[in-house]
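If you read the sequences in order, they're chains A and B.
All letters in the first sequence, in the order written, are residues 1 to 138 by the numbering used here.
All letters in the second sequence, in the order written, are residues 1 to 1007 by the numbering used here.
Keep in mind that the hints were calculated from the coordinates and are not lab data.
Remember, predicted model here, so these are calculated numbers, not experimental data.
For every residue, glycine included, the Cβ atom is placed at its ideal position computed from N, Cα and C.
A hint or two may mislead.
Pair by pair, the computed Cβ-Cβ distance ranges are [as the list claims (entries may be wrong)]:
hint : chain 1 : residue 1 : chain 2 : residue 2 : range
1    : A       : Glu-113   : B       : Asn-174   : 34 to 40 Å
2    : B       : Ala-304   : A       : Arg-83    : 35 to 41 Å
3    : B       : Gly-614   : A       : Leu-87    : 52 to 58 Å
4    : A       : Ser-121   : B       : Leu-661   : 31 to 37 Å
5    : A       : Leu-87    : B       : Lys-807   : 31 to 37 Å
6    : A       : Gln-30    : B       : Thr-130   : 50 to 56 Å
7    : A       : Leu-134   : B       : Asn-918   : 54 to 60 Å
8    : B       : Lys-807   : A       : Leu-134   : 40 to 46 Å
9    : A       : Pro-133   : B       : Glu-476   : 52 to 58 Å
10   : B       : Asp-811   : A       : Glu-113   : 24 to 30 Å
Just so you have them, the derived chain A footprint on chain B, three or more residues with Cβ under 8 Å [unchecked claim]:
hint : region
11   : 263 to 272
12   : 567 to 576
13   : 859 to 868
Here are the computed lysine-lysine pairs in the BS3-like style, where the Cα-Cα straight-line distance is at most 27 Å [said to hold, decoys possible]:
hint : chain 1 : residue 1 : chain 2 : residue 2
14   : B       : Lys-561   : A       : Lys-127
15   : A       : Lys-100   : A       : Lys-127
16   : B       : Lys-681   : B       : Lys-587
17   : B       : Lys-201   : B       : Lys-794
18   : A       : Lys-114   : B       : Lys-794
19   : B       : Lys-750   : A       : Lys-114
20   : B       : Lys-655   : A       : Lys-100
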Amino acid sequence: MADFEPKIIAFCCNWCSYAGADGAGVARLQMPTNFRIIRTMCSARVDPEHVLRALSKGADGVIILGCHPADCHYIGGNYRARRRIALLRMVLEQYGFDPKRLRLEWVSASEGEKFQNTITSFVKTIKELGPTPLMGVE
Amino acid sequence: MTKSALVIGGGIAGIQASLDLADRDIHVYLVERDASIGGKMCRLDKTFPTNDCSACILSPKMADCNGHPNVDVLTYSEVVKVEGKAGDFKVTVKKKPRYVKMEDCTGCGECIAKCPTKNIPDEYEFGLTTRKAIYIPHAQAVPRVALIDPTRCKKILNDKCGLCEKACGKKAINYADKEEFVTLEIGSIICATGFQTWDAKLSTEYGYGRFKNVVTAMEFERMMCASGPSHGHIKCPSNGEAPKKIAFIQCCGSRSEKKGSQKYCSSVCCMYATKQAIITKEHAEVDEDIFFMDIRSYGKEFEAYIHRAENEYKIKMHRSSRVACVEEDQATKKLKVSFTDAKGDQQVTEYDIVVLSIGLNPPTGAEEFSKILSIDLNKYGFCDTKVSNPLATSREGIFVTGAFAAPKDIPTSVAEASGAAGKAGAFIVDKNFVPCAPKVFPQEKVTDGVPPRVGVWVCSCGTNIGGTVKVDDVAEYAKTLPGVVYAAKSMYTCAQDTLEAISLAIKEKDLNRVVVAACTPRTHEPLFRTACRDGGLNQYLFNMANIRDQCSWIHMHEPEKATAKSKDLLRMAVAKAMLLEPLEGSKIPVTGSVAVIGGGITGMSAALDVAAQGFPVHLVEKGANLGGSSAKYIGTKYVIDGVNMGEFVSDLIKKVESNKLIKVHKKAKVKDIPGFVGNFKLQLDSGEFPVGAVILAIGASEYKPTEYNYGKDAKVITLSEAELAVGKGSFKGKNIAYIQCVGSRNDKVKYCSRTCCADALTNAIAIKKADPSANISVFHKDIRTYGFREELYKEAASLGIRFLRYKDGNDLPGYDGNSVKAFDTILGKDVEVPVDRVILSCGTAPDREEKEELAKMLKVPISKDGFYFEAHQKLRPVDFATEGVFVAGLAHWPKFMDECIAQAAGAAARVMTIISKNNLISEGIVASVNENYCDGCGICVGCCEYNAIEVVEDGAGGLKSNVNPGLCKGCGCCVAACPSGAMEQKGFRNVQIQAEIDACLDLKAGV
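Whole structure, please, built from the sequences with the hints as guidance.
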């Protein structure tokens, strides 16, 4: 699997994690190229259906990044995201996906470095897991 | 009659002041001497400590200013006469002839192509390249209009040539142009004329002007810059080869008694030189050495920046070294730099390029300018100001901001600019004030039912993107995407010319969607949205792909992959754009009052500034009295920077308590501040108060030392205890040691607390003057008396106060109860000083817990160091990303009193741009219900944090959810929760997000 380059979708909330990603950019923190960010206003906007769609269409992993607990720009959106993702991970397992393919992390606006580390470690995890089990499935 | 405000100087400070006045609905004339606004910042490549691209962050402001309906920008103009008095000035402005009609010139450049008079040194590029007799000042010039140099134009000089007139299709050339005088009715004036750099030719020992490879920092900045003459490739001026070794020499023209040099510290050179060294290292393999006396990294996150330069980038820092001279090898043109190393030995090292870190001087013509305005200059030739009133000049109604008052960095200038705008505004806003009418945009084109026609702009961002991502490829790729009818690349998409091109293309190419692949929507989306509106397109039909922060900057060494990723991000952005719909925001009423949290000098100043414009303030103080950390001076005679602190604070408290518009809440704890911009609810024990905006001025405190047996050993006191003792005349001590950096610049508290050096020296000087027989030693890592406070350092040294530099790191000087011991890095040996008094210069502690409480209530971030984290370190220094919340004073970063007062004024002025309006227009990206699918289950109601959703009867016996768009904040939480797919978020609809997912995975959108 040395040459496996995973496709990862990262959902970032506008206020913390997207800003943290910008912070990583400003600080020129280098990281793997395997992820593509989709910006939503809040991590709670990420519908489980979005995650399922991404995985079913061939994403090797999905990561959702929100504000730290109690720091959500929309008061408690990240708590809702946390509950939804916890449930979703259980569902994914039942459908034969390793739940490690879905991750939720908190990155604040000032945590460019945490963004870098989070992405780097998630890419590593997905590389270890290998391509999506749907690969080759029609 | 309501008068206009006048801002003189179109650099970043002048631009910010103009924008804040204009956003407060005051009409502004911005007068700029040069042919383009932008000032010095425009010429910079990057800015410290974020390494933000200068053009990228400034261009939007330049465009915003030039396009603002309330701002008249008068470039190539000078103020020649000021008559009248505050509130009623008559100002005469001379407009210099451009010989090109501004209203007709499109900046196409045809005339320049035809002009035969070449090889004129280009002033903008410091002569590093040439221009013609007709020229546009530079690529990002605002306004982008040509002008003729009458001293070189053959037609004007000898009535020959005339080719440019023939070339101009718009008939914009006018050789008979004459200077013109206009008289303006002005209420108040802001001087933002900036600075000029020190003339490097004055220091003959460094050979500038004689040796080709000796360049000034400003020239080097142009050499580094993607839009500069060498497109960002640094080359030795002598032979065009890439340099292998570069030296930076600090304090050129600063901190020197030499004739022609300045005695003060120029405040910014340490940081800009380090920045230049870092950026150069990112682009090329090169060894770099910086020679300095003290490294002055006192600002927010500056210390960490210096550490990165030294440890990560391996830039060699030569501490305590002043370079004696530079000599040139005549054959190789290499430069020999002679300096004294850390061991005191003479060394000579060879370099390819020597960069002179030239200081900041008063602007050219400052003296004449001060006479025209009848304002005083200080002994250095800068605008004279008082520490207690830092934005006021000596003449009522005339204010100053930025480097015209003292050398200073960009964020300080910007915060001050806002402050000056607030102060100036108070002279214009009276009971008869008529606000400017809002801007009228062209009628928006109908897009409903019309197939998408997408226009794409791919930004090179100088080399920020183009240096890694193949921008041409991405633009070509864009043309292959479904729906795209036009695609282009541009050097700086956010510059005026491209913004105009976008507006024009919407009309001419009948675009109904616009996508820009550039930087982050967090900073640049508003600008591009306005360009869409200017072109008659609904602003929500715009989308961005962030190929800078998410591609070129974080995948610098993988150009192929970064380019592929850019294409993916663009494809995703276009896919979403195809499905975007026009949206309207809703009108939200604004509460015309402010909450200021914190009753120290900063909070009180901010409260008075808001009240001066006629708006009520709730000033919340947790303690029993106002005054904050400065209240301790009351009843003492302690003087800092010439200000009797006790009297000053008492006066300020009196002013606040007697102001009818300020309601002071003492012993008050903020229980919560729910709400949003324009409509917060300040909840205290005494009740609930509606406010439109919030200023956080909760300060910080002195670090409580555990070092040096403090609290047990009676000899050991803190600096603030020493201040009070001196102020009360009870100070005791003969053999005194100051220990700097206690609680700063170590592994736990990594930052520099900025004020302790100057504060300690103020204290030491007072003690020494009162008792000349006192033996005083200052143990320090660097002495950071930046700006005019350098005088303190000189005075202290001349009074016989000794300075011992101990080693940077965690270890403080030793102390055995009788003497202080340290290794003096300059003498290179251990030094022992007997003491009967040890004064600990304790750093500033951020009081993180207290900050966190408010941070959670208001949803604002805190930086690594524990201070509040502003929206943008450079250009939004007092704003938070959360609208309607602002920060000032020590809550933001340690700073001196004058800096606190100026920042407080800045925050007050920013608040004014919100609360002076009756209504705000909310974002259009709110939730909406598709009633066909909604069965009124109410799940959405339960998950809405803002009570924006209700379940109501639909009139047909059923229940439906109903969203109040004024209350909805557009998080989209309810959308993801809705089990029937009835809830949607405008601008982030399910189909739109799905389209992004599908496009990302390379599938056809909408499958």
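Hints, verified against the model:
no.: 1; hint: A:Glu-113 / B:Asn-174: 34 to 40 Å; result: violated (57 Å)
no.: 2; hint: B:Ala-304 / A:Arg-83: 35 to 41 Å; result: holds (37 Å)
no.: 3; hint: B:Gly-614 / A:Leu-87: 52 to 58 Å; result: holds (54 Å)
no.: 4; hint: A:Ser-121 / B:Leu-661: 31 to 37 Å; result: violated (54 Å)
no.: 5; hint: A:Leu-87 / B:Lys-807: 31 to 37 Å; result: violated (56 Å)
no.: 6; hint: A:Gln-30 / B:Thr-130: 50 to 56 Å; result: violated (39 Å)
no.: 7; hint: A:Leu-134 / B:Asn-918: 54 to 60 Å; result: holds (56 Å)
no.: 8; hint: B:Lys-807 / A:Leu-134: 40 to 46 Å; result: violated (60 Å)
no.: 9; hint: A:Pro-133 / B:Glu-476: 52 to 58 Å; result: violated (36 Å)
no.: 10; hint: B:Asp-811 / A:Glu-113: 24 to 30 Å; result: holds (27 Å)
no.: 11; hint: 263 to 272; result: violated (count 0)
no.: 12; hint: 567 to 576; result: holds (count 3)
no.: 13; hint: 859 to 868; result: holds (count 5)
no.: 14; hint: B:Lys-561 / A:Lys-127; result: holds (17 Å)
no.: 15; hint: A:Lys-100 / A:Lys-127; result: holds (11 Å)
no.: 16; hint: B:Lys-681 / B:Lys-587; result: holds (19 Å)
no.: 17; hint: B:Lys-201 / B:Lys-794; result: holds (25 Å)
no.: 18; hint: A:Lys-114 / B:Lys-794; result: violated (44 Å)
no.: 19; hint: B:Lys-750 / A:Lys-114; result: holds (19 Å)
no.: 20; hint: B:Lys-655 / A:Lys-100; result: violated (62 Å)
Hints 1, 4, 5, 6, 8, 9, 11, 18, 20, counting from the list given before, are not met by this structure.
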